[in-house]
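Listed in order, the protein sequences are those of chains A and B.
Mapped onto full-length UniProt numbering, the consecutive letters of the first sequence carry residue numbers 1 to 294.
Mapped onto full-length UniProt numbering, the consecutive letters of the second sequence carry residue numbers 1 to 132.
What the hints contain is simulated information worked out from the structure, not anything from laboratory work.
Keep in mind that the hints are not guaranteed to be accurate.
Claimed, not checked - If you want the footprint, here are the derived chain A segments under chain B, 3+ residues with CB under 8 angstroms:
{"id": "1", "segment": "37-44"}
{"id": "2", "segment": "221-228"}
Said to hold, decoys possible - Here are some, though not all, of the chain B residues that point toward chain A, as calculated from beta-carbon distances under 8 angstroms:
{"id": "3", "residue": "Ser-11"}
{"id": "4", "residue": "Glu-19"}
{"id": "5", "residue": "Ser-20"}
{"id": "6", "residue": "Glu-30"}
{"id": "7", "residue": "Asn-38"}
{"id": "8", "residue": "Val-42"}
{"id": "9", "residue": "Met-43"}
{"id": "10", "residue": "Thr-44"}
{"id": "11", "residue": "Thr-45"}
{"id": "12", "residue": "Asp-71"}
{"id": "13", "residue": "Leu-80"}
{"id": "14", "residue": "Ala-89"}
{"id": "15", "residue": "Leu-90"}
{"id": "16", "residue": "Asn-91"}
Treat the numbers as computed from the prediction; the structure is a model and nothing was measured.
No residue lacks a Cβ here, since even glycine has one placed at the ideal position from N, Cα and C.
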Amino acid sequence: MASLKELRNRRDSVKATQKITKAMQMVAAAKLRRAQEAAEAARPYSQRMATVLANITQAVSDGSEAPALMTGTGKDDVHLLVVATADRGLAGAFNSQIARFAREHIRKLLAQGKTVKIFTVGKKGNDILRREFSSLIVERLELREVKQIGFSNAEQISRRVIEMFNAGEFDVCTLFYSEFKSVISQVPTAQQLIPASAPVVDASATSENGALYEYEPGPEEILNDLIPRNLTVQIFRALLENVAGEMGAKMSAMDNATRNAGDMINRLNISYNRQRQAQITKELIEIISGAEAL
Amino acid sequence: MAEPYKFELVSPERLLVSESVESIVIPATEGEMTVMANHSPVMTTIKPGIVTIKTASGKEDRYVVYGGFADILPDACTLLAESATHIDALNKADIMARVERARADVGSAPDDHARTRAEEFLHHLSALSDAV
Chain A
1 MASLKELRNR RDSVKATQKI TKAMQMVAAA KLRRAQEAAE AARPYSQRMA
51 TVLANITQAV SDGSEAPALM TGTGKDDVHL LVVATADRGL AGAFNSQIAR
101 FAREHIRKLL AQGKTVKIFT VGKKGNDILR REFSSLIVER LELREVKQIG
151 FSNAEQISRR VIEMFNAGEF DVCTLFYSEF KSVISQVPTA QQLIPASAPV
201 VDASATSENG ALYEYEPGPE EILNDLIPRN LTVQIFRALL ENVAGEMGAK
251 MSAMDNATRN AGDMINRLNI SYNRQRQAQI TKELIEIISG AEAL
Chain B
1 MAEPYKFELV SPERLLVSES VESIVIPATE GEMTVMANHS PVMTTIKPGI
51 VTIKTASGKE DRYVVYGGFA DILPDACTLL AESATHIDAL NKADIMARVE
101 RARADVGSAP DDHARTRAEE FLHHLSALSD AV
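Here chain A stands alone, though its shape is the one from the complex (with noise of 0.2 angstroms):
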């Protein structure tokens, strides 16, 4: 039975343990606000390029040829998966559901044949991955330094994407995040980026002007530009869900934490102050029973 200055000292440490998690709790509350914002004001431009490709696409298609990016390289052999994920830990189960993800895509790929090359962005993925890939991985990035993600980042990582696929290092991309249904949710999502999947967008949203459009140089030049920009601004969009996604998982995490902690320290108290009560009850008896026996 531990005695009742170990009990008192356990809890005082459970109690600056809650302390910890419900401050960052608090703190991933805000970050999360500040990443959902992020996320909301990137929406317009990466709305628009959609339209905008879709657009030129539909001109472009008639006929000439789509750039690289576009089309792929005809083959299906080796293929390049980009995963993201958060650089800090503590956030429940996030890093590790989506590692798991490509974990689970990798083995199939394996099993198929096929070259595996792995491009990992974050320090958590990176040492899930290692583990059981470290020779597959031939790129890594980390983002533990930068503070509020910029489309300078995302760019950084197409840049290099864009370089290995134009020095023919790889056939297909695809890119691992999560995708952020709401603070308690996160879905481990793959989305392919080389050869790029035609957008799809709605009649509506595609102006019915398109055919009429004039361009400046001409079609292909615009693709042929545009299609990078599209790259990096799908890895941007990712990466901006991820960030809410730690976030999320952050927050969800540490508010169990802080009520695990509630509950551990209902539970000390309650022996703490059975025992102190019963040292009391025993110095009494102590004391009647000495007074009795003169």
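Got chain A sorted already, so can you dock chain B onto it with the hints?
Frame of chain A, contents of chain B only:
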């Protein structure tokens, strides 16, 4: 008095401008162009330069953009800029850093085509940095 129409300046990070304007001057790759209402539909790439906006209320505003696209329709114009800043918030050091980066790109271009493009970009950028 020219007819007003809707203009939007969007960067990947946020929507910078969304208002009713009278005319705007876009630094298109093939030369500057002034866009007013009922312009025929044009899609053009833009070079680094200054966008001048004249709002419907007659106010003039200027933004610096670094490459992107303009999607022009008779009743609307959307400018998708890679990155954009209001002229007042402009930072000289930022432009210099971009010029440096563009210069490095020219050096590391894999083929002639890419080099020409990088050189063009650098040229526009230096012209811009001289202008401000």
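ask   = Honestly, which of those hints from before does the structure not fit?
value = Of the numbered hints, 4, 5, 7, 14, 15 and 16 do not hold.
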